[in-house]
Amino acid sequence: MTRAGAATALGLAALALTGCKVVKPGDPLLGLTRAERDRFERGRAVFDSVFTPETGLGPLFNSTTCGECHEDPKSGGTGDEIEVHATAFRGGVCDPLVQEGGPVIQQHTTPALKRALGIDEEPFPPSATARAMRTTPVIFGRGLLDLVPDSVILSYADPDDKNHDGISGRVNRNVDGRIGRFGRKALVPTLREFNDGAFVTEQGVTSPAVPTEETIGGKPIPAGVDPVADPEINQAQLDLTNDFVRFLAPPTPERLGGEGRRGREVFSRIGCAACHIPTLRTGDSPVAALRFKDFAAYTDLLLHDMGPDLADICLGLATPPEFRTEPLIGLRSLKKFLHDGRAATPEQAIEAHGGEGAGARDRFKALAPAERQALIAFLKSL
Amino acid sequence: MKHGVVLAVTGVLAGSLAGVAQHAAPQPAAPYTYQGTVHSVQAQTGTLELITAVGHALRLVQMRVPIGLRVAGTATGGASVGVRGVKPGDVVRVVCHRAGGSLVADKVEKLEPTP
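Chains as they are written, first to last, in the working numbering: chain A, 1 to 382; chain B, 1001 to 1115.
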């Protein structure tokens, strides 16, 4: 049995197991203790709390609250905001342009910063070789992805395409060398770090984990524009937010009819499942609801070359055309597809696959209309 | 409270003293440990700039590497002298202390990817 075939079989079993109780988008994981569920609810309150300049917002920011972007259909879902990232790729080396305010280029400023510098957004780095647009992904099931052992991710890697299937996934690594898995370029090793970093990069809210503000194009913030003492939120708030995010359950896929079941078979047959691995298993955890769980992930958490048409920035080891396989958890909640939202439908997203995804794309395009429709029906059930 | 890029001490701070590094209270003798990617090396001044990260919040940390300090390499077991032993893109772990408002490296170790 191929890796995709084995994973699909496991996936069917996992889906059958979760079929007992329907988990809706935004719901907590099944099996949390009362205390964990309480932390989930309290964490959601922090996640949805609106920051103002008086409570730490900015002076640069993309949103006033986590829930402003992750709002649809519930907290932890998607949103219509698009953010901007920038890096420079020269001679095969990626420069995240920290010295010029990269890689996240905030799109809003507080009134005080606007008065001081006359800017409405962070200046785009002059040395950037690419601009990336980034949609808001759903973050359901991320606590499960967080616990997939590195060894599992490495087991799917085939950087030299030794099996000659045209797919050569490889890991990205954080700046400190650890294997990454979060973010569209898989730079970030853990969910906690992603969440901790997001407070300051997205909202300009400092915390004990990141006690310094973003610079403005690499320059320090002018005196007097951010009077709130750092850190602007405390460790308890950070911990609660992290618990809310990691306890967000993957929504139960909608019940498949005959067409959807055929679509699931097509998904594997044409090679989608080679990268969008249907099922992953978590490792050990103090949280029973997260420990040794099979779940429908539809990702291998690896970088794949998606071809020149999708290429944008580099990040870590990821070259401009390389992206982490997007988990398809909660896909039915999305209204825009691909990392930059350029695709309005799943069909368009599949047809935009290039590079290592070109084979599956071509097989998709060659399908009979009824099979294509079946595949889309399956995807829209996730 | 605002800090310039050079003095930003955020990022991935390995070791139990991370909390010490993240507060502005003076701790002149306490060691700081940083693990990150070398951004730039200035051999003439013995200056090393590291990129550290918490999520997508990346920071630059600048430090001085004293002349004669050996840079250890974990894979080869070899060592070279001074900042010439590292180059942009290398992943390093640096133990340093604060002196006169600047960071000064006490130990620089070049790391290889693991696993």
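These are computed hints drawn from the structure, not numbers from a lab.
For clarity, every value in this text was computed on a predicted model and none was experimentally measured.
Every residue, glycine too, gets a C-beta built ideally from N, C-alpha and C.
A hint or two may mislead.
[What the hints assert, rightly or not] Residues from chain B shown here face chain A by an in silico Cβ test under 10 angstroms; the list is partial:
| hint | residue |
| --- | --- |
| 1 | S1040 |
| 2 | L1050 |
| 3 | V1054 |
| 4 | P1088 |
| 5 | V1091 |
| 6 | R1093 |
| 7 | V1095 |
| 8 | D1106 |
| 9 | K1107 |
Earlier hints that do not hold, by number:
7, 8 and 9
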